[in-house]
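Enquirer: Using the sequences provided together with the hints, build the complete structure.
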Amino acid sequence: MTSADFEKELNPEQLAVVRGGDGPCLVLAGAGSGKTRVITYRVAWLIEHGVPPEEILLLTFTNRAASEMMGRIARLLGGENVRQATRVFGGTFHSVANRLLREFAPHLGYTPRFTILDDDDQKTLLKAVMREMGLIDSSRRFPSPAVVRDVLSYRVNAMVPLPDAVARKHPALEPHLADLERIMAAYDSRKRQSDAMDFDDLLLRFYELLASAAPMRERIAHRFRYLLVDEFQDTNPLQASIVRELSGGEGNVLVVGDDAQSIYSFRAADVRNILDFPRHYPGAKVFKLETNYRSTEEILDLANDVIAHNANQFPKDLKSVSGRAGKPVVVPAATAAEEARFVVARIEEMLVAGTPPGEIAVLFRATHHSQALEFELLKAGREYDYRGGVKFFDRAHVKDMLAFVRLAVNFRDEAAWLRVLRLQAGVGDSTASKVFAMMMEAGSLAAATLAPVEARLGARAGRGWLDLRSCLEAVHKADGSPKEIIQGVRQAFYRDYLEREYPDAAERLGDLRAFEEFALNYATASELLDEVTLDDAAFKSPRGRGARRDDRSKLVLSTVHQAKGLEWDAVFILHLTDTGFPNARAAEDEDGLEEERRLFYVAVTRARRRLWLCYPMTASFGNFAFEAMSRFIEECEPGSLDWRFHDERMAKGTADPYGHGAPATKKRRWFGDAVHDANGFYEEPSVSIEPHLPKLTLKPSKKKPPSDWRKKNFLGSD
Numbered sequence: 073m074t075s076a077d078f079e080k081e082l083n084p085e086q087l088a089v090v091r092g093g094d095g096p097c098l099v100l101a102g103a104g105s106g107k108t109r110v111i112t113y114r115v116a117w118l119i120e121h122g123v124p125p126e127e128i129l130l131l132t133f134t135n136r137a138a139s140e141m142m143g144r145i146a147r148l149l150g151g152e153n154v155r156q157a158t159r160v161f162g163g164t165f166h167s168v169a170n171r172l173l174r175e176f177a178p179h180l181g182y183t184p185r186f187t188i189l190d191d192d193d194q195k196t197l198l199k200a201v202m203r204e205m206g207l208i209d210s211s212r213r214f215p216s217p218a219v220v221r222d223v224l225s226y227r228v229n230a231m232v233p234l235p236d237a238v239a240r241k242h243p244a245l246e247p248h249l250a251d252l253e254r255i256m257a258a259y260d261s262r263k264r265q266s267d268a269m270d271f272d273d274l275l276l277r278f279y280e281l282l283a284s285a286a287p288m289r290e291r292i293a294h295r296f297r298y299l300l301v302d303e304f305q306d307t308n309p310l311q312a313s314i315v316r317e318l319s320g321g322e323g324n325v326l327v328v329g330d331d332a333q334s335i336y337s338f339r340a341a342d343v344r345n346i347l348d349f350p351r352h353y354p355g356a357k358v359f360k361l362e363t364n365y366r367s368t369e370e371i372l373d374l375a376n377d378v379i380a381h382n383a384n385q386f387p388k389d390l391k392s393v394s395g396r397a398g399k400p401v402v403v404p405a406a407t408a409a410e411e412a413r414f415v416v417a418r419i420e421e422m423l424v425a426g427t428p429p430g431e432i433a434v435l436f437r438a439t440h441h442s443q444a445l446e447f448e449l450l451k452a453g454r455e456y457d458y459r460g461g462v463k464f465f466d467r468a469h470v471k472d473m474l475a476f477v478r479l480a481v482n483f484r485d486e487a488a489w490l491r492v493l494r495l496q497a498g499v500g501d502s503t504a505s506k507v508f509a510m511m512m513e514a515g516s517l518a519a520a521t522l523a524p525v526e527a528r529l530g531a532r533a534g535r536g537w538l539d540l541r542s543c544l545e546a547v548h549k550a551d552g553s554p555k556e557i558i559q560g561v562r563q564a565f566y567r568d569y570l571e572r573e574y575p576d577a578a579e580r581l582g583d584l585r586a587f588e589e590f591a592l593n594y595a596t597a598s599e600l601l602d603e604v605t606l607d608d609a610a611f612k613s614p615r616g617r618g619a620r621r622d623d624r625s626k627l628v629l630s631t632v633h634q635a636k637g638l639e640w641d642a643v644f645i646l647h648l649t650d651t652g653f654p655n656a657r658a659a660e661d662e663d664g665l666e667e668e669r670r671l672f673y674v675a676v677t678r679a680r681r682r683l684w685l686c687y688p689m690t691a692s693f694g695n696f697a698f699e700a701m702s703r704f705i706e707e708c709e710p711g712s713l714d715w716r717f718h719d720e721r722m723a724k725g726t727a728d729p730y731g732h733g734a735p736a737t738k739k740r741r742w743f744g745d746a747v748h749d750a751n752g753f754y755e756e757p758s759v760s761i762e763p764h765l766p767k768l769t770l771k772p773s774k775k776k777p778p779s780d781w782r783k784k785n786f787l788g789s790d
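Under my numbering, the sequence shown has 164 at position 92, and the numbering climbs by one with no breaks.
Derived by calculation from the structure, the hints in this document are not laboratory data. Careful: at least some of the hints might be erroneous.
[Unchecked claim] No more than 20 angstroms apart at the CA atoms, straight line, and that leaves these computed lysine to aspartate or glutamate pairs for EDC-like: (1) Lys471 / Glu588; (2) Lys241 / Asp641; (3) Lys241 / Asp251; (4) Lys399 / Asp714; (5) Lys549 / Glu588; (6) Lys463 / Asp641; (7) Lys636 / Glu140; (8) Lys241 / Glu588; (9) Lys471 / Asp576; (10) Lys549 / Glu571; (11) Lys506 / Glu526; (12) Lys357 / Glu588; (13) Lys463 / Glu603; (14) Lys195 / Glu253; (15) Lys555 / Asp472; (16) Lys549 / Glu599; (17) Lys195 / Glu79; (18) Lys471 / Glu573; (19) Lys626 / Glu455; (20) Lys199 / Glu573; (21) Lys263 / Asp191; (22) Lys463 / Glu579; (23) Lys399 / Asp641.
[Unchecked claim] Derived Cβ-Cβ restraints for the label pairs, each shown as a range: (24) Arg339 / Arg572: 44 to 54 angstroms; (25) Gly150 / Pro287: 12 to 22 angstroms; (26) Asp190 / Leu522: 45 to 55 angstroms; (27) His121 / Glu662: 22 to 32 angstroms; (28) Lys80 / His381: 36 to 46 angstroms; (29) Asp466 / Gly150: 21 to 31 angstroms; (30) Arg344 / Pro710: 27 to 37 angstroms; (31) Pro233 / Pro287: 21 to 31 angstroms; (32) Glu709 / Leu490: 37 to 47 angstroms.
Predicted model only: the values in this text are computed from it and were never measured. Note that beta-carbon positions come from the ideal geometry of N, C-alpha and C, so glycine has one too.
Expert: As structure tokens, this is what we get:
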């Protein structure tokens, strides 16, 4: 017997799943509804009712989730039955595949002692294959092993031909398709010869074992009478296919997930796996967990309203047990800098009032959206824990750009020279030192752009120097303007370099565009460098990957993807513009827009009691790129949001200058009370969001806007 009192410890929705989970079952677990509780109690229920633990297979996505579930099951069983939890066959998809492949490897041509290649091993082997094919030292700029590995991995997990994987994931690689096919074949052959599998092979070979060998499939599938799968909305086509093969035994497959939180298509996750579950499993029972134990009624009203606009979904209506505490607040700001100052001011107020720092989170769609906020927090001396990467000025691509800025200030900066030289093809440490000596002979940046350095280098290093020279010319042409330096280098060389070297090139380019905007605050490169380097101790504060995940003494900055599964008392969502969230590229097609809306839903449902929806009304003062508020705010019922800051800004003017009607209308795409004259000039806004914050001044534009500027920038879809 277990130590659990099922009827007392579960609500009616959860109890229905635990008791009635035989056969194919889909459990739609809304945010904060206790999905882990349902899975663990279901396993305890099965064991209590005589199912041998070793006949239960539990699949998760992370080792942490697997460990947590096994621990909960052990506590539920209690007493003498605790050891039964260790007999449940549970773990991640990859770990379960590994354990079973060790047993059946000979049927696939491997030995039970096959080795597993980690990320570095894969890149090393791919690099060896590419070098043998003459692609590493080729005169063509061939993609890096990391990029090649990324597209090959996507192909496996999405179960698509290589051309489709390239088109979806890295369209810039299409000219290299024939070479990629050769690399793929040689790489697979080398792994076979080495009796080795990479992480993707663990799933692929396991699926092949199940799909192509009927006796093996029957032996494995019938071993497990009950199959439970956590976070089913995050499965990719390969994982969903494995689940279908494994469920062919007793047919007892229970998957738990929330289609409204499917946000990993970039990893090949497919929301259709959960949406099509009833079609793949005729007669499946569908349970809904709609009681939310996390958020207030007002936050859930917004969440329900947001996700209702998705066409492809299982409708759910989350209900709160936490009562009411105030509507989510819409906060427009003149710029990203003012947005950041507003957030910092509000955070300081909450801290003074006694809110623990670890109960406050700031979420954003992309890492570059946090740049202005990070800078404000560092100036305020406020420590924070960053989730989703490393801090802005520690990112390699930002440091690369700072190196070029340093050269504009100090031509003799050896460390900066060595950094930018090592970015070039064919330039290693010794060649970099050789070129640096030539630069010192040249004596100036202008002379360096004219020096015939390539004549004194090998062919490949010479081509690398020509790339660098184009960057140096851009630096020289910028005449000390930090924004022009960063933009010039990005356009001259660095964009192609990122796309060739990194799978996440788009995100890195977004960081650099944010850096360009940040640099507009500085008249000279020296001023920029002083600002970002003099406070070095603050910039080096412990955080990012090295920070403790359970550190509650610091407020949290996180991408929305990294925040999934977590919760805080107070949450700010940044940069809710219609080109920032939703992501402009993703919004180009309906499937992408629906995933972006699911991502916004995830962000909203991280908050327990307080939620702020913030957006800057301009992307850049330099060219007056006005921003509309996110369509995800616009499409919500006005009554579900608090518009006080928005309407305070509007109230200072006599009317909406852009003809969008009174503040009570549902469609809102306003931009404060900046006014324009007949020549397209702008005057400073008369209202600051916070009276105690410094008021920013818009400088007049020197260039007339295009004739359709008003339609493009203000009318939107209204």
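Enquirer: Would you mind marking each hint as holding or not holding in the structure?
Expert: Each hint, compared with the structure:
A distance of roughly 13 angstroms separates the Cα atoms of Lys471 and Glu588; the hinted pair therefore holds under the 20 angstroms criterion. Of the supplied pair hints, the one linking Lys241 and Asp641 is violated, its CA atoms being roughly 37 angstroms apart against a limit of 20 angstroms. Taken as a hint, the Lys241 and Asp251 pair is honoured in the structure, with Cα atoms around 17 angstroms apart against an allowance of 20 angstroms. Restraint check for Lys399 and Asp714: the C-alpha separation of about 6 angstroms stays at or below 20 angstroms, so the hint holds.
For the hint linking Lys549 to Glu588, the alpha-carbon distance of about 16 angstroms falls within 20 angstroms, and the restraint holds. Simply put, Lys463 and Asp641 have alpha-carbon atoms about 24 angstroms apart, too far for the 20 angstroms limit, and the pair is violated. The hinted pair formed by Lys636 and Glu140 meets the criterion: a straight-line CA distance of about 17 angstroms does not exceed 20 angstroms. Simply put, Lys241 and Glu588 have alpha-carbon atoms about 26 angstroms apart, too far for the 20 angstroms limit, and the pair is violated.
Distance hint between Lys471 and Asp576 is fulfilled; the C-alpha atoms sit about 17 angstroms from each other, no more than 20 angstroms. For the given pair, Lys549 sits about 25 angstroms from Glu571 by alpha-carbon distance, which is inconsistent with the 20 angstroms threshold. Restraint check: the Cα-Cα separation between Lys506 and Glu526 comes to about 12 angstroms, which is no more than 20 angstroms; the hinted pair holds. As the CA atoms of Lys357 and Glu588 are separated by approximately 53 angstroms, the hinted pair breaks the 20 angstroms bound.
Of the supplied pair hints, the one linking Lys463 and Glu603 holds, its CA atoms being roughly 16 angstroms apart against a limit of 20 angstroms. A threshold of 20 angstroms between alpha carbons decides the hint, and for Lys195 with Glu253 the separation of about 16 angstroms falls inside it, so the pair holds. For the proposed pair Lys555 and Asp472, the alpha carbon gap of about 14 angstroms is at most 20 angstroms, so the pair holds. Restraint check for Lys549 and Glu599: the C-alpha separation of about 18 angstroms stays at or below 20 angstroms, so the hint holds.
At roughly 52 angstroms between alpha-carbon atoms, Lys195 and Glu79 are farther apart than 20 angstroms, so this suggested pair is violated. Under the criterion of a C-alpha separation no larger than 20 angstroms, the hint pairing Lys471 with Glu573 is consistent with the structure, at around 16 angstroms. Of the supplied pair hints, the one linking Lys626 and Glu455 holds, its CA atoms being roughly 6 angstroms apart against a limit of 20 angstroms. Between Lys199 and Glu573 the CA atoms are separated by roughly 13 angstroms; this keeps the pair inside 20 angstroms, and the hint holds.
Restraint check for Lys263 and Asp191: the C-alpha separation of about 14 angstroms stays at or below 20 angstroms, so the hint holds. Between Lys463 and Glu579 the alpha-carbon distance is near 14 angstroms, which keeps this suggested pair within the 20 angstroms criterion. A threshold of 20 angstroms between alpha carbons decides the hint, and for Lys399 with Asp641 the separation of about 14 angstroms falls inside it, so the pair holds. Evaluation of the 44 to 54 angstroms hint for Arg339 and Arg572 yields a failure: the beta carbon distance comes to about 22 angstroms.
Remark: the range hint 12 to 22 angstroms for Gly150 to Pro287 is contradicted by a beta-carbon distance near 40 angstroms. For the hinted restraint 45 to 55 angstroms between Asp190 and Leu522, the CB-CB distance of approximately 46 angstroms keeps it satisfied. The hinted range of 22 to 32 angstroms is not satisfied by His121 and Glu662, whose Cβ atoms lie roughly 45 angstroms apart. For the hinted restraint 36 to 46 angstroms between Lys80 and His381, the CB-CB distance of approximately 38 angstroms keeps it satisfied.
Under the hint 21 to 31 angstroms, the C-beta atoms of Asp466 and Gly150, about 47 angstroms apart, miss the expected range. Separated by about 33 angstroms at the C-beta atoms, Arg344 and Pro710 satisfy the suggested range of 27 to 37 angstroms. The given range of 21 to 31 angstroms is respected by Pro233 and Pro287, whose C-beta atoms sit roughly 29 angstroms from each other. Against the hinted window of 37 to 47 angstroms, the Cβ-Cβ separation of Glu709 and Leu490 comes to about 57 angstroms, which falls outside the hint.
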